[in-house]
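If you read the sequences in order, they're chains A and B.
Residues in the first sequence are numbered from 1 upward in steps of one, following this note's numbering.
Residues in the second sequence are numbered from 1 upward in steps of one, following this note's numbering.
Treat the hints with care, as some may be off.
[Stated by the list, open to error] In silico PhoX-like links for lysine-lysine, alpha-carbon gap of 20 Å or less:
hint, chain 1, residue 1, chain 2, residue 2
1, A, LYS2, A, LYS67
2, A, LYS56, A, LYS42
3, A, LYS96, A, LYS2
4, A, LYS56, A, LYS70
5, A, LYS2, A, LYS56
6, A, LYS70, A, LYS96
7, B, LYS11, A, LYS42
8, B, LYS57, A, LYS96
9, A, LYS2, B, LYS57
[Said to hold, decoys possible] Footprint (simulated), chain A over chain B, 3 or more residues, beta carbon under 8 Å:
hint, segment
10, 15–29
11, 36–43
12, 104–113
Hint data in this document are derived by calculation from the structure and do not stem from the laboratory.
The C-beta atom is built at its ideal place from N, Cα and C for all residues, glycine as well.
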Amino acid sequence: QKEVEQDPGPLSVPEGAIVSLNCTYSNSAFQYFMWYRQYSRKGPELLMYTYSSGNKEDGRFTAQVDKSSKYISLFIRDSQPSDSATYLCAMNRDDKIIFGKGTRLHILP
Amino acid sequence: DAEITQSPRHKITETGRQVTLACHQTWNHNNMFWYRQDLGHGLRLIHYSYGVHDTNKGEVSDGYSVSRSNTEDLPLTLESAASSQTSVYFCASSEREENTEAFFGQGTRLTVV
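The task is simple: from the sequences and hints, build the whole structure.
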């Protein structure tokens, strides 16, 4: 079993819709939970990170962590065509960052 | 502004040749990482370093080596390039104390023919 599981998609949604992206993990040692966004032919960039169970909001983005279920989510409100990218969940342990495979998201105008 | 740069951006090489990919960061970060990204596999860790003269193997280290002689640079060497090493390679750096944000380079697209 992979430490971090993420559905690769692609996921296509109309502009303005709420997007839900998810990951599951198996290792209880993970401490920080991160979401990266990667545009085509670019390096990933950090969107946001959380440390504990619960929600964290940043503008149109909300990260949610449920440690009891080993499940994390990223919600995007009022999605825009510029949100079209690959979203990677990531978690760290022992100073290493472990990434999910990424979900390709298309926002349709 | 601080940044992390990779070179070359694109490279084509022949099977069996030794290839070195450069990574240079001006963040003064102790932690540096090399990943490869392939369709269906996501980002996989090749090697990483926590400081000068420190190197460690990641999950897909066979056929690769790194050396860390200073804080700014972590070159990745493919000892004898194989077609299975055709991939996009990303270098990243992060702070030691809070390893929550890694800054990535733009990537090197390597093709082994």
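These are the hints, each one checked on the structure:
For the suggested pair LYS2/A and LYS67/A, the alpha carbons sit about 17 Å apart, so the restraint of at most 20 Å is met. With a C-alpha separation of about 26 Å, the suggested pair LYS56/A and LYS42/A falls outside the 20 Å cut-off, and the hint is violated. With a C-alpha separation of about 15 Å, the suggested pairing of LYS96/A with LYS2/A holds against the 20 Å cut-off. About 17 Å separates the Cα atoms of LYS56/A and LYS70/A, which keeps this hinted pair within 20 Å; it holds.
At most 20 Å may separate the alpha-carbon atoms for a hinted pair to count; LYS2/A and LYS56/A exceed this at roughly 26 Å. Between LYS70/A and LYS96/A, the direct Cα distance comes to roughly 18 Å. Compliance with the 20 Å bound is thereby established for this hinted pair. Note on LYS11/B and LYS42/A: the hinted pairing holds, with a Cα-Cα distance of about 16 Å set against a maximum of 20 Å. A hinted pair counts as satisfied when its Cα atoms are at most 20 Å apart, and LYS57/B with LYS96/A qualifies at roughly 11 Å.
Distance check on the hinted pair: LYS2/A and LYS57/B sit about 18 Å apart at the alpha-carbon level, within 20 Å; holds. Counting residues of the segment 15–29 of chain B whose C-beta lies closer than 8 Å to any C-beta of chain A gives 0; at least three are required, and the coverage claim is violated. Counting residues of the segment 36–43 of chain B whose C-beta lies closer than 8 Å to any C-beta of chain A gives 4; at least three are required, and the coverage claim holds. Counting residues of the segment 104–113 of chain B whose beta-carbon sits less than 8 Å from any beta-carbon of chain A gives 4, enough to reach three: the coverage restraint holds.
Violated hints, listed in ascending order, are 2, 5, 10; each of the other numbered hints is respected by the structure.
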